[in-house]
Amino acid sequence: MTARERVAGTVANYVDERTGAAKWMKKNLTKVFPDHWSFLLGEIALYSFVILLLSGTFLTFWFDPSQREVLYDGAYEPLQGLHMSAAYASTLHISFEVRGGLLMRQIHHWAALIFMAAIVVHLMRVYFTGAFRKPREFNWIIGVGLLTLGIVEGFLGYSLPDDLLSGTGIRIAEAIIQALPVVGSYLAFFAFGGAFPGESFIPRIFTVHVLLLPGIFLALITVHLMLVWYQKHTQWPGPGRTEKNVVGYPLMPAYMAKAGGFFFIVFGVTAFLGAVASINPIWLYGPYNPGQISAGSQPDWYMGWLDGLVRMSPPLESYIFGYTISWNILIPGLIVPGILFTGMALYPFIESWITGDKREHHLLDRPRNVPNRTALGVMSLTFMLVALINGGNDIIATTFHLAINQVMWFSRIAIFVLPPLAFVVTKRICLSLQRADRELVLHGRETGRLLMLPHGEFVEVHEPISPELAWKLTAHEQAPALALEDVDSRGVRRAGGLKNKLRKRISQANAESIAKPTATDLKEIEHH
Amino acid sequence: MSNEIEAIKDPGLPAHVHRKADTDPVAEKRAERQVAILFLISALGTLLFIYSYYFVADEVFVFLPVLGNTNAHQLLLGLGLAIALFFIGAAAIHWAKTLMPDEEVIAMRHTMRSDDEDRDALVKTVKERAGAAGLGRRSLIKRSMGLSLGLIGLSPLVLLRDLGPLPGNDLTKTSWKSGSRLVTDPGDRPIRPEDLEVGAVAQVLPEHFGEERRHLSDIAKDAVLLIRIRPEEFQLSPERLSWTYDGIIAFSKICSHMGCAVALYEQTTKHLLCPCHQSTFDVPRAAKVIFGPAARPLPQLAITVDSEGYLIAQKPFSEPVGPSFWERSS
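Just so you know, the protein sequences line up as chains A and B, in that order.
If you read the first sequence in my numbering, its first letter stands for residue 922, the second for the next number, and so on.
If you read the second sequence in my numbering, its first letter stands for residue 8, the second for the next number, and so on.
Rather than coming from a laboratory, the hints here were simulated on the basis of the structure.
For each residue, glycine too, the CB sits at the ideal point set by N, CA and C.
Treat the hints with care, as some may be off.
Stretch-level coverage of chain A by chain B, calculated; a stretch enters the list once three of its residues show a Cβ under 8 Å from a Cβ in chain B [to be verified]:
#1 1075–1085
#2 1092–1103
#3 1115–1126
#4 1215–1227
Label pairs and their in silico Cβ distance ranges [stated by the list, open to error]:
#5 ARG120/B x GLY1066/A: 20 to 30 Å
#6 PHE216/B x LEU1141/A: 33 to 43 Å
#7 GLU1398/A x ILE159/B: 46 to 56 Å
#8 THR1163/A x TYR61/B: 53 to 63 Å
#9 LEU1141/A x GLN321/B: 50 to 60 Å
#10 VAL932/A x SER146/B: 51 to 61 Å
#11 GLN1327/A x PRO193/B: 34 to 44 Å
#12 GLY941/A x ARG120/B: 24 to 34 Å
#13 ARG120/B x ALA1430/A: 52 to 62 Å
#14 LEU1141/A x LEU161/B: 25 to 35 Å
#15 ALA34/B x SER1387/A: 34 to 44 Å
#16 ARG120/B x GLN1429/A: 23 to 33 Å
#17 GLY160/B x GLN1429/A: 45 to 55 Å
#18 THR923/A x VAL69/B: 28 to 38 Å
Selected chain B positions facing chain A (Cβ under 7 Å, derived; list incomplete) [what the hints assert, rightly or not]:
#19 GLU13
#20 PRO18
#21 GLN81
#22 GLY85
#23 MET107
#24 VAL112
#25 LEU178
#26 LYS180
#27 VAL296
Sequences are here, hints too, so could you generate the full structure?
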C-alpha cells in the first residue's frame, strides 16, 4: 500500500464510520449515464446558475441597492455632477473603478441570458422527445416553475442598476400591477412603498433577487437533479437500448471528467463573452427619470415576447360602473401568458389523457414519430417567435425602413395565422419524414451507382442499411387511437358524451402515422 | 398487435471499437501530452489574468477590428480568465475522451412503483398510526386545529400591510394647480409663448418651491409636453381650444397606456409616439389615439399666460394622468 492510499483509506474510513456513505458511494460512482449532445443543454443551465451565483456574489460587495439620491463624482466624466440613485452610482463604480468589475457585470448578464436560453432549449429537448412522460411529470412541472422564476429573476436583476432603460421596465411592471382589477392600485402602492417610483422598490427587489429567488432556485434545482438521479436518465432508442435498461458511461471517471470539464467550458465561454461583448452599457442610458426615455427601449430577450404581446394588443378598455378594466394590459400581460404557462405545465397530463397511456417511458421519441406533439410544439414556438419579433418592432422598422404600423399589423395578423399554419406544415413534414424512414428501411440507401440492365434500363443500386439503423428507425411504438364507444355494453349512452367525443377525435388525429416497416414487409420485398 | 410480433429485431449493443490510444502506446503518450499542454495553456491564462490586474492601466484603450475601441485592462483581464477556465475544461474532456475507459455499460432500470406488499404495509401503518392518534374521531381537535392553522396564515398578510401607504387620491392628483407656472425641465426656468417656435417641443414641470429637490414620484405625474403648432391646424372642441394658447398645447407626458414618457414627436405628421409600445397620439386632435395599444388620449393641461407673460396652468388636470387603474372612472 502506498502512502497516498493509506491517507485516502484513513479519510474514507473516518467519513464512512460516521455516515455509512461507502455503500451509497460504491453504487453511485458507477451509475450509468447515457451520452448524447442534447443531454448537455440542461447542464449548461445548471452551470450558468453556478456562474450567476459566483459573479452575483462579487457584484453585491460593491452594489448599493438604494434609491437614495446622491451627487455623482465618480470616474465616469460625462455623468459627473448629476443627481442619481445610489444604486446607479454604485453600478457606475463597479463598471469604472472596481478592477474586473465591468467584466464581472458582463459575465453576470451574459450568464443570465445563457441561463434562460439553455432552459428554453432544454425544455424544447424534453418536450420534443417526450422525456416528460411518466414517471417524469414532476420534473417537468419543476422545470416550468424554474423557467417562470428565471424570467422573474432576470427581470429583477436587470432592473437593479436603476438606469433609464431599466427604470422604464419597472414603470411598465408597475402599470401591470396597477391594472389588476379591484386590488391593483393597492398592490402597486404596497410594492413601491407609495407612489411610483418611490425609494423602496429597488432595495426590496434586491432582497428578492439575491436571497429569496436564488434560495428557491437552489431548492428546486436540487429536487430536479435528485429526481433525474433517482429515476435514471432517459435514453435515445438504438441497438441494445430498451425501456428496461440504461446504456451509457459510468459516472467515474469519464462522465465526471466530461461534466466537470463542461462546467469550465461554459464558464470560459461566458468569460470570453464578458471580455469582448459589451452588454447593458448602463452609463450610456443615464440615471432613471420618469419624465425621460430613450428611443428603442427593449427588454432582455426572454421578456421580449411579453412586451411584443403588449405592443400588438388592440386599444381595449372597459369602463363599468365607474371602474376601469384595462384589457389592453390584462390580456397580453397576464391572461395569455397565464394560459400558455398553465397549458405547458399540464401538457404531460393532457397527452396521457389523449393517448390513454399510463405506462412508464424511458426511451425517447424521435420528434417525427409523434407528429401531433411536434406540431403543437412548433406551433407554440411560432406564437412566441411572432410575439418576440413584435417586441422588437421599432428596431425592425428602423433597420429595414418600414413603418412601425406595417410591422405591428403583420404581427397582429401573423399571431393568429402563422401558428396554426406551422402546426399543419410541421405535421405534414413529420409524416413525410416517417415515409422517408420507411423507404430507407425497405429499400435501403441510395448508393449513387447506376446500373444498366441487359435490356437497357437504368436503375440505381440501393444498399440495405445496417440492422442497427433499421432497428433505430423502427423501434418506436405506433399506438392505435383510443377505442372509445359512445354507448356502453348495454347500449346506454355514456356520461360525458361531449368530452368522450372530443377525446376520441383528438386521439384519432394523434394516432395518424405512416405504418413502420416490419420484418414481414422486408421478407416480402426480398421474395419478389 | 400483429406487427409487434413480426417487428424488426433489436440487433443488440454493437461490439466496442477501441480507440487508438487504447491499443497504441505512442498514441497514448501523445494524448497524455495533449492533455498536459491544454492544462498548461490554462495556467498561462491565469498568469495573463494576474498580470493584467496589476500591470495594465485601466485608461489604456486599443483599437480592435470588430470590437472597435476597447479598454485593454478589461479585455485582457477577461481573456485571461476565459483562457484559464476554458482550457481546464478542454483538458478534462480531452482526457476523458482519449484516455479514460469508454466502454458502454448496461444498467437495469426498476419501475418506480413499490411492491404491492410494501404499499399495503404502508397503508396499514398509516391507518394504524392515524387511528391511534384519533385523527378520524376527535372532530373537536380537528376543527380547532383547522381554525388555528387557517388563522395563522393571515398573520403574514397583516405583517405586510406596512409595505406602503394606501393609494388614497394619490393616483388622481398631480402638483399642477391653477396658476402654476410652467418651468423648463431641466433648468426650472419659467417659459413665455415666444420662447417656443412653431414646431417646437419642450418638456415642462410645475414651478417648484422649497429647498428640497423634486421627487421622482412627482415628476412621474407632473411631466408635461408643450408643443407649438399653427393655431389653424387644431381640430379641437371649443372648450379644448380654450385650453391652448396661441398654438401651444400641453399634454401629460406620461403615457395613458403604461406610463412611459411619450417623448417622440414627429414634426411633419404632428404625431406623438411612445417608444415603449408605439401608441401614437395625434396632437391637433387633442392627442387622440390613432395607433397602438393605448386606449385613452393623453390628458390635456389647460394653459394660458399670466400678467408677466409667462405660461401658467389655468387649472389642475381634469382627469388622472398615467396608466389606468381600477378606481379610475373613465
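Are any of the numbered hints broken by this structure? If so, which, sorted upward? 1, 6, 13, 15, 18, 26
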